[in-house]
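Here the protein sequences come in this chain order: A and B.
At position 241 of the first sequence the residue is numbered 241 (the numbering used here), and the sequence of numbers has no breaks.
At position 66 of the second sequence the residue is numbered 1066 (the numbering used here), and the sequence of numbers has no breaks.
Keep in mind the hints are simulated off the structure, nothing from the lab.
Predicted model only: the values in this text are computed from it and were never measured.
Glycine is no exception: its CB is placed at the ideal position from the N, C-alpha and C atoms.
Incorrect hints may have been included.
Claimed, not checked - Simulated restraints, written as ranges between beta carbons of each label pair:
no., chain 1, residue 1, chain 2, residue 2, range
1, B, 1221, A, 133, 28 to 36 Å
2, B, 1092, A, 20, 55 to 63 Å
3, B, 1216, A, 133, 54 to 62 Å
4, B, 1211, A, 61, 54 to 62 Å
5, A, 57, B, 1201, 37 to 45 Å
6, A, 4, B, 1114, 44 to 52 Å
7, B, 1211, A, 263, 39 to 47 Å
8, A, 289, B, 1077, 21 to 29 Å
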Amino acid sequence: MAILFDDFKSWKAYCADNNLALYEPVLEYETTQKGHAHQDITDGLLRAWQVMKEAVQTGFTEDMKSRSGMIDNGGKKVKNSPITVLSPEFQMLVARALSAKEVNACMGRIVAAPTAGASGILPGVLVTLQELHQIDDTKMVECLLVAAGIALIIEQNASLAGAVGGCQAETGSAAAMGSGAIVYALGGNVTQVFNAVAITIQCMLGLVCDPVAGLVEVPCVVRNASAAAIAYSSAQIAISNVDSVIPVDECVSAMGEIGQSMESRYKETALGGLAATLTGNAIAKKVLIHDIEIIDEGETT
Amino acid sequence: MAERSSVFDMIGPVMIGPSSSHTAGVVRIGLVAHLLLNSAPEKCTVTFYNSFATTFEGHGSDRAILAGLMGMPTDDNRIKTALDVAKERGIAYQFKPVGNASTMHPNTIKIHATSGDRSIEVTGQSLGGGVICIVNVNGFTCNFSAGTDTLIIEADDVKGSIAFIADVLSADDCNIATMSCNRRGKADIACLVIEIDSPPRDITIQYLQHLTWVRSVNHLKSVR
């Protein structure tokens, strides 16, 4: 049977019928459908994991001031803040997600997981997970495969692109990937993993993509931190056997439906929301190029 | 229906931020120009059209295009400092923002680059997710992604040339994925763009280059 990720329901059934762990069908998909050798997949994911960890460190150690000036070393500030609002672990989770996402904003090396706009969420979630629970790299690779499986289904039935589905599609999907990975790593069963995904999506639904001046900075960076926090709250809820009530596949459909009906000014066009505020417009005026040559309509090359 | 994504589209690509269409895709367009020129340019003019015209600085597309022109891959940490690297190497570069090109894709870039007596012109679109489409090479319309090996062959417009070249590639065990052909005019120069699933041997390229009716053969390795 060709394994195609049509929905969460069939993923779960396939695991049950063949007595497989949740990550195994994803591995099988990549080997049979994409022709990648098992070892190459493991190596590729270990490399991605390494880049994620490096991104967190880079954000803490190098100067993270963006060209526009909107991003200014937020990850470091949170890490070094003398005031801990909840717990040191929470403080570090927020700091790491900010840190990795700031590396993206400042032209550093990141993993687009699933997109560059959401590239701080999995590093924040997974580095914290590994440190808190002493999870080895083999298990982390399994976590990344589970996260990839989640994203493959969301891409199929909704979208992962801010320009298509708004911010919920990017940061919402990344948070869902992270939440599922947490529950998987901590020994949750398939139902609990999928409940974590469903609850995360429920918490992220409706978020619009309204980047100031069209840059991947405000509010993208702080949303990466809040998405990482939501991944953890949803994982805690799901692993405690709280039901999502609305099944995960229906949550994904809802995300797709909301994305479709969202007006285009809320889809990465920088024409609505925060981008269209007084300050947002002033920043755009300052950082965008306005000395543009306008060509005659007839000319094409 | 589009082909389904890979695990490495979900956990990846590994790239330099901030945006797959403004950095990764732009580096790739620069890499195509680099491969066509066979070297980094001594001089280049880069035109950023439409949406790119206003945002290319803020997103670092100016650094990305130079990085590609100098042959850097999409995950190279030096992309951030590509403007400085280009200055150190003595590359004379110029950026031109042009709006209002309504017939062109919102994220279009045109590169004119020279090195020694070689000169090339490439126009590419950044389609999102780091995927690109090259739509013009040296004045010839084309349509390829550079995601697989590509041959760009300029030849005299003579009967049977396409069949001959296809036959040579087939003999070298190269499967043709896509093919497009355009010409300046009847019995003038024609340009054949062939995307192939596996690279041909060097001797095959040399053979094609030595045919009397072939003007030039460019083998672009896939840029990822």
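Going down the list of hints, with the structure as the test:
no. : hint                       : result
1   : B/1221 x A/133: 28 to 36 Å : 43 Å, violated
2   : B/1092 x A/20: 55 to 63 Å  : 59 Å, holds
3   : B/1216 x A/133: 54 to 62 Å : 59 Å, holds
4   : B/1211 x A/61: 54 to 62 Å  : 56 Å, holds
5   : A/57 x B/1201: 37 to 45 Å  : 44 Å, holds
6   : A/4 x B/1114: 44 to 52 Å   : 49 Å, holds
7   : B/1211 x A/263: 39 to 47 Å : 57 Å, violated
8   : A/289 x B/1077: 21 to 29 Å : 26 Å, holds
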